[in-house]
Each structure stands twice: as structure tokens, then as C-alpha cells.
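Going line by line, the protein sequences match chains A and B.
Each residue of the first sequence is one higher than the one before, counting from 1 in my numbering.
Each residue of the second sequence is one higher than the one before, counting from 1 in my numbering.
Worth flagging that the hints you see were computed from the coordinates, not collected in a lab.
As the structure is a prediction and not an experimental result, all values here were calculated from the model.
Heads up, none of these hints are tricks.
Where chain B lies over chain A, by a calculated footprint (3+ residues, C-beta under 8 Å):
no., stretch
1, 79-93
2, 97-104
3, 230-238
4, 259-270
5, 276-286
The beta carbon of each residue, even a glycine, is placed where N, CA and C say it ideally should be.
Below, each chain spelled out in residue letters.
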Amino acid sequence: MTEFLQQLLNGLSLGAVYALIALGYTMVYGVLRFINFAHSDVFMVGAFAGYYLNRWMPSDSMAGGLAILAGSMAFCALLGVVIERLAYRPLRRRSRLNVLITAIGVSLLLEYTGQFLFGAAPKPFPQLFPVRTFQFAGGLIVSTNQLAVLVLTPLLLAALHFIVLKTRFGTAMRAISFHPVAATLVGINLDRVISFTFALGSALAAAGGILYSLNYQSIDPLMGVLPGLKAFVAAVVGGIGNIPGAALGGLLLGIIETFVNGSRWSTATDAIAFALLILILLFRPAGLLGKLEVEKV
Amino acid sequence: MMPGRRFLLLLGAVAAGSVLSLQSHRINPYFLDVAVTVAINVILAVSLNLINGYTGQFSLGHAGFMAIGAYIAASTTMFWAPGLLPAASSPGFIGMAVFPAALLAGGLAAGLAGILVGAPSLRLKGDYLAIVTLGFGEIIRVIFRNLESVGGALGLNGIPACTNLFWTISMAALTIYAVTSMVHSTYGRGFTAVQDDEIAAEAIGINTTRYKITAFVVGAFFAGIAGGLYGHFKLSIDPRGFDFMKSIEIALMVILGGMGNTVGVIIAAILLTLLPELLRPVAEYRMMLYSFLLILLMLTCPQGLFQPRFFRRLLSPFLRGSAAPAEDPPRPA
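Okay, chain B solo, but in the shape it has when bound (with noise of 0.2 Å):
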């Protein structure tokens, strides 16, 4: 995709984004409520997959960026941006002026824990990174529970409601596009290297601990972000909504989408969000079909769901001139 292509499609998406925002009085509520969800998610698993997809850093802490990006968006609204400008509490100035300055706060603050977390990454590999990322994302959560001035255990409540659909679908497509520019530019090469084989891309001079850290900084910022488009959504934050089972919730949309892989990760993403919601009718057996689902697609499409090529071959009797691509060759175990 040529960069001019990508930049036109950020602008539609945002204004998309801003006409549904403003017909959203007409929108069923519970669907602009799942299609906020959904959004956020996206944007998580999109930056979720520079670290894991693209520079193979597994990483199980990315609730934890979140949660930051969550408390210290809230907190802007709530306490900072009122004690500086106490003329400055109309809801409509919060929400137009003080909520871009918050999330870009909430993302800058995750984005400086994500300098901390992405430090034992050169260090350590694999299982071990794994479970110091999961680590992190834990103690984050323990400490916000244990400061009383955000409420402690019982969370932030009152956060004023800021979020529609202009800034979530804005927010998902300037994740996208920063994500794929990023990868795609002849700097963001880098990563795939990292990925792909450490010691070689060392050998030929790129600077992996650069690399390593940059990803885990811009992932952190975006999820940082989504964290405080998720505060002022939900309207109230508390702890446990980021405990490792919602890492792990992002982790499966990105493996499911096939790793470094963007558009199967946003279909994951999307998907993994509405599975949920469309089990509903089944009500007691939801939970039970949702991981017995899971487990089937894995079984079945072990190759991420949705490869570029399976959908090239599909269409290239339509496609004039492109022969359907070889196979991919099996990936040793």
C-alpha cells in the first residue's frame, strides 16, 4: 500500500467517524456501545501487535500500559485540568479541549512505563520475557489499587463522559495507520529483523535494544490511550478490570489474527469482541461456547485466521494476471 493510499484512508476513517458521532442519537444504543468496545479492542490488539507480531517480544503486560493510560486520562479530567483552570469545567470544553490532552497524557505516561517494561527485554527471552511483562502488568495493578487518591480498590468512579464514536474510531484508525507506516517504512524494517532472527539483524548493524524498546514505547502509548478512551466509556475504572486476563484477552486476538499480521489482528479483534455479544441468547452456555469456540478455530486454522494468501488464492480466479501464490512451506515445530 502506497503511503498516500494509507494517509486517505486515516482521513476517511475519521470522518466516518465523525458523521456516525454525530447521528450516533439514532444508533440502537447497544450497538454503539459494542462498536466503542470493539474500537478500543482494535486499537489494543493493533499495538499489542507491533510488540508480539512484529518484533516477536512477547509481551503479557499490556493491560498494564492500559490501566496507566486509564488512571492518568481520568485524572486529568478529573482533578488536573479543574485545579489549573477552574473556568474551565463546562462539560463541552472537558470534552472538546481537555479529553485530547488527557488521553494524549494517558498515553505519554504509558508510554514512559513502557521504557521500564521493554528494558528486561534485552535481557531476557521468550517464556521468561512472558512472564516479567505479566509481572509488571500485575504490580501496576496493585499499586493503583493501593493509592487511595484514585480510589483504591473500590476504583475511580464520576469520570465524565467524553467518549463517542468520533474519538474511538479516530483513535483506531491513527493506531493503524502510525502501526503499518511504522513497519512498512524502510526504519520499521528493523523489527521484522528483530523478529526473524536476532543475532543475524545484530550482525548486520541494526541496533535491536533501539528497536526492541521503540516498540514497546509506541505499543504502550496506543494502549495507554485506549485506556483512557475506555475510562471515559465506561465512566468508571477500578483494578481489576486490568488484571492479566485482559492482557491475555489481547494476546489472543493478535495470535489468532496471525502474528504481524494487521488486518487478520483487527478481524480478530473485532471478531473476539462480538463473539461474546452474539453467544448472548444462548445466555448460561456463552461463556462455555466462547472457549469451546476458541479452541475449535485454533484447532482447525492453526495458521492465525486470516491469511493474505488463503483470501489471494480465494479470488484469484477474479483477479486477472495474479497466480494464486505457492504455499507457504510447514513451519517447523
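Bound-form chain A, shown alone (with noise of 0.2 Å):
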């Protein structure tokens, strides 16, 4: 029973983290309809600037770990936007496949330019926040590291939902995502509302980026790749273009892929993920949230 809770444990906070890149996936899906390959980067870079900027200004205390945080997501929001206007928007009349190609490109780009900077070797990611660690009856084990991801993601979670829910920007991003010619002739700025896409999914990203290094303590520039395109099957099995969906599939992910690695087929864990993802768009071709639409002729 303990072991089944910590497994349960350990699930939930990967599977957190999953949810939090799937999100950018699903919402840059939701208004572009393209797959932002370098979205897993963007998730690198956020946990490299959370690295250097814990150089620059040590933290031991929670404040000063939010801080660096919330400056990571601060630059990868503006990562976003730099490479949505400079790589992708001179493309946005053009075929899908082009923009997916420069996707490819920018997320190949990132990588390199991050082993150029960074070096290709792995560094220790310093901890960010004071760890201690709580052991329960019973023998579950918690540490505050997994207890951050927890806190953090439902309130990233909760703020995400208020923005798309309830602000202007929100509200506007939905009208995209259900009609772009109909959303710019009511006088919707196309540009600026994709823009905000990005910065937002970018963030999250970077938010991810740093809760995954805090509980891996090692990140590399090829460390996005995998994570990465585990988020993406997950915004995929939600539905993807659909933001409940993104972070239902993760948090599925993470747990069976946690439940897997701790079973006597541990080697095969991608395979079984993989596995259950194709089972489960077979039934549900439209993914679990999403809704298939009706083709008409």
C-alpha cells in the first residue's frame, strides 16, 4: 500500500510537470494548428536560465526560489515571442508542413546553440528551495521538491484557466482557436492575441523546465527531447487543442509511466507508454477530451 502511494506519488509530480509543457503544445495547437517542435526546448532553456540565474543570485530561501522562477518564465516567455515572430509568423499564409519544418529547425537550433553555450555535458541543477524531506507512517517518503511541483502546478494550473476563462486575451484566444476569419472580422488583433499565446505556453514551459530539474538535479541541452515529446503524446491523448485535456493526458502519462518503471518491465517503460497511447486513439481517435468533428463535403 505505501509503495502503490509513493508510485502514486512520484507519478503525480512527473506526470505534473508533463501537464505543464503539454499545455503550451496544446494552446499554440488550439490558435495555430501546428505542432511547435520547439516547444521541448523552450522547456531546456527554462530550466538553463533558472541554472544561471541561481549563479547570479543564490537562493536558499522560498522567496528568492520563486523569484528565479518566475525570471525563468519571464525569459522564456519572451523566447517565445522572439522565435513565433522571427521563425513562424512570416509563414502563417503558408502549408502547415513549412511552419513544422521551421519548428524542427528553430527546436534543432536551440539544441546546438545550447551545447555551443552550455557545454554538452550535464551540470547539477542547485535547489532551488530549502529541501527538507517528510517521512510519514508507513515509510512514504516526501520531499519538498515533489511537494513544489504539487503546490505549483495547480496554482499555474488555476491562473492559466482564470486567464483563458476570464480575461480579454483568454477570451480572444478562444474566439481563434473557434473561427480565425470570424475572430479578426470582429476587430480581433491576430497578431497580438498569438503573441500572448506563446509567451503563455513559453512560460509554462519554463515552469516545467525548472520543477523537473528540481526533482532530476541534472539538466543537459538535449534534456527537452525526451520530456518533450512524452508531453506532446500526452496533449495528444487529451485532445490536442483542448487545455483541460492537455493536463489530464500528462498526469495519466507520468503515472502509468511511473507504475511501469517500477514493475519488472522497467526497460520497456517508452514502449508501454507509446503502446497505450495508440490503444487509446484507436478507440478515441479524437483523443480522450477532444471532439471529433464531423467532416462535411
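Two chains, two frames, a set of hints: combine them into the complex.
If you want it as C-alpha cells, here you go:
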């Protein structure tokens, strides 16, 4: 029982990070209908931003850690906006495959630039928050880092929920994902809303990057590739373009992966995650929460 | 192009391959290496173009088919053939007789997997299909990583060096011949019909299911052959070499060449293989520059690099009687 709870906890904290990254994929997909492959590298940049910010102003208090988190999120928000402005906007009217290629190009550029600037070797990630480990009766172990993930993620999700449902920008975002042409006709500034979406998604990826690194304690320029792929899978499982779906998919994937990892099939974790994905999509072709659009001729 | 001319081109390429192969000791080993890599990438890109470009089923699992071909072919030359015919383990016999059979076995096994991977395309579209094919590719890779009989995570080492210019060039030519002949035949128009409008194709009685599966099986078959060539060229394969970045690399060639444009895809495959080699002098900036050029290429020529119309228009002053064709209407986003 304790082991089950422990695994569930580990799974939830991994899944929360997947959810944070998956939200960026799904939001960009919602407004632009394309897969932003560079998103997983924004996640990596977020972790490195945290690393270097911590070097300049070391933190060992709660407030310091949160300041670094906010700084890294702001930096990545800016990065996301710049990427969209330079690499994606000129291709807005072209086929989505063209944008897909530039996205892969941007992803490779960030990875190789990262290897050039930071070095390819993994770096130890500092403890941004004071670390304490709690041991509960029955042997359940919870660290403050896990708690940070489990507390911060719902807060960020709630903030996102508020922005998307209650603010003008959020309303505009939903309008664009519902019908881009009609949205521009009623006077929504497409470019500004898209920039805003990228800023929001990239900030969440940065938060994911820092929370992930807190628990894994090692960062390198290629660290984004696998979590990014998993998060993308999570977004698709939840129904891409659907915000609660991305969160659900992320949590589900994290939990499944952790449980498989703890079983005797641990070497086949990735295969089992993907096999489940394929099964889910075969029975629900538009993802768990996605709506299947009826094709009209 | 007339079928006759296409067949002559195939024969010409095979002849050129055998001549080059006989003279290969005179060629700088570095160029030889690059040439074989280019030819293998051409096979991969042209075969993926049948699935992605002509049939419009966006697949990101091509490296998985390649892995199956590589492992099956290597197991054939290393374990199965010497097991069946103990006398046949002389290097010459393996190179001349066992190797083609091994390539074929690798291709057939990959083709079988193509049925499995193609099946979801009957229900899924677009990004969902892309992610499922990507998942299949990753599953195949993980399976090989866990198979201890083929080296597990360490990979399979000591594969006999059977790949030479003759086999790679001939196989590349055969792939191009097979794919273009298929697509340009009466039967093959169905692939383009499925890509253009699936519902309309179905309405006029085209069996879209069969076309999609056929595209996956044929594409996978040639990817398997490319994998066999790759294994017997690198002499050691390991599951990491067939991850989804490899699939994306192949997809890049197809998209950059212009989906469903075989000549463009071949040129893109050659260019994308040569580009990192040409950038070697700037060593440490090499891959940064490569990715930067990739973005720049896409921003400046989003229609795909090689538009036959563009070249025709360029040459039109020299070709009498062929008026410059009209511009393509802009494609809706």
C-alpha cells in the first residue's frame, strides 16, 4: 500500500511536469493548428535560465526560489514571442508543413546553440528551495521538491484557467481557435493574441523545466527531447487543442510511466507508454476529451 | 516520362553503379562513405515520399521500418544463413548470394510491419496519425533494445561489410523506378486521389483503405532495404541510431523537396546529407549553422526547394514552343 502511494505520488509529480509542457503544445495548436516542435527546447532553456539566474543571485529561501522561477518564466515567455515573430509569423499563410519544418529547425538551433554555449556535459541543478524530506508513518517519503511541484502546478493551472476563461486575451484566444476568420472580422488582433499565446505557453514550459530539474537534479542541452515528446503524446491523448485534456493526458502519462518503471517491465517503459497511446487513439481518434469533427463535403 | 525510358534509366544507374563499384578502390574513402550515405538517404526519402507525399498520410515512423530491415538483414547474414548452410560462410559467397537475400528478408519484414503501422491510418488523420506512427517507431526501437539475442542496448556488432556502391546505387535506382512507375501508372493515380480528397476518392469508387495500406507496405519495404544496406555499411547497428530524430530527418527531406515531387525529394535528400559534410570546416558552429540554414531555406522558399515549374520557366527562353506555365494559385493556409 505504501509503495502504491509512493509510486502514485512520484507519478503525479512527473505527470504534473508533463502537463505543464503539454499545455504549451495544446494552446499553440489551438490557435495556429501546428505542432510547435521547438517547445521542448524552450523547456530546456527554462531550466538553464534557472541555473544561471541561481548563479548570479543564489537562493536558499522560498522567496528567492520563486523569484528565480518567475525570472526564468519571463525569459522564456520573451523567447517564445521572439521565436514566433521571427520563424513562424512569416509563414502564417503557408501550408502547416512549412511551419512544422521551421519549428524543427528552431528546435535543432536551440539544442545546438545550447551545446555550444552551455557545453554538452550534464550540469548539476542547484536546489532552489530549502530541501526537507518528510517521512510519514508507513514509510511514505515526500520531499519539498515534490511538494513544490504538486503545489505550484495546480496554482499555475488555476492561473491559466483564469486567463483563458475570464480575461479579454483568453476570450480572444478561444475565439481564434474556434474560427480564425470570424475572430479577425470582429476586430481581434490576430498577431497580438498569437504572441500572447506563445508567451503563456513558453512561460509554463519554463516552469516545467525548473520543476523537472529540481527533482532530477541534472540538466543538459538535450534534456528537453524526451519529456517534450512525452508531453506532446500527452497533449494528443487528451485531445490536442483542448486545455483540460492536456493536463489530464500529462497526469495520466506520468502515473502510467512511473508504475511501469517500478514493475519488472521497466526497460520497456517508453514502449508501453506509446502502446497505450496507440490503443487510446484507436478507440478515441480525437483523444480523451477532444471532439471528433464531422467531415462535411 | 515513358515507361521505357524510365526502365532504361534504371539499367543505366545499375550499370554505372557496378562500374563505380569495381573502380571504388581508386575513389577517396571519404567520398565513398558520403556517396553510400547519400544513396541510402535517397532510398529512405523516396520511399517515405510515397506515404507522406503521394498518399498524404503523414508518417513519422520511417526509422522504425529502417531498424527492422537493418536488424533482420544483419541477423540473416550473421546467424541464419551460416546456420542453414555451414559451408556458405566464405565472405565472397555472403557478399554475392546471401546479402541480396538478406536485404530482401529485411525489406519483407519491414513491409509486414507496414501493414501493422498502416492500419491505424484507416481511422486517424493528420497529427494523430503522425503521433501514432511516431509511437510505433519508438516501440520498435524499444523492442530491439530489449532483445538480448541481437545485442540489446549495446547493439549488434561485427556485421559483414557487404554494402558497396553497386548495391546502394542499384537499390536507390530501383526504389525511384518502383515508386515513380507505381505512382504514374493508372493504378497509381489512386494514391494522389487519396491525398487530394479522401471523401471524393471514396465516392468515385476508389478503395482508399487498400491504397493507404499499399503505400505503407511499399514504403516500409524500401525503408527496410535501406536499413539492410545501412547495417552492412556501418558494420554495427544500435537501437539509438533509429530514434525519432532519424524519422524526422527523413521527413525533412520529403517536405523540403516538396511533397509528392520525386525529383525534388531526391535533390533534397542529397543536399541535406551533404550540407553537414560541407559545413565541416566550421567544426564547432557546424550544426548551429545547419539548423539556421534549414530555417532560412524554409522562410525563403516555402514551396519546396525544387519546383519543376521554376526550372522550366528558367529554361523556357531556351526551349522553343514551351510557353512558361502559369503561376500556381496561392495555397490557402
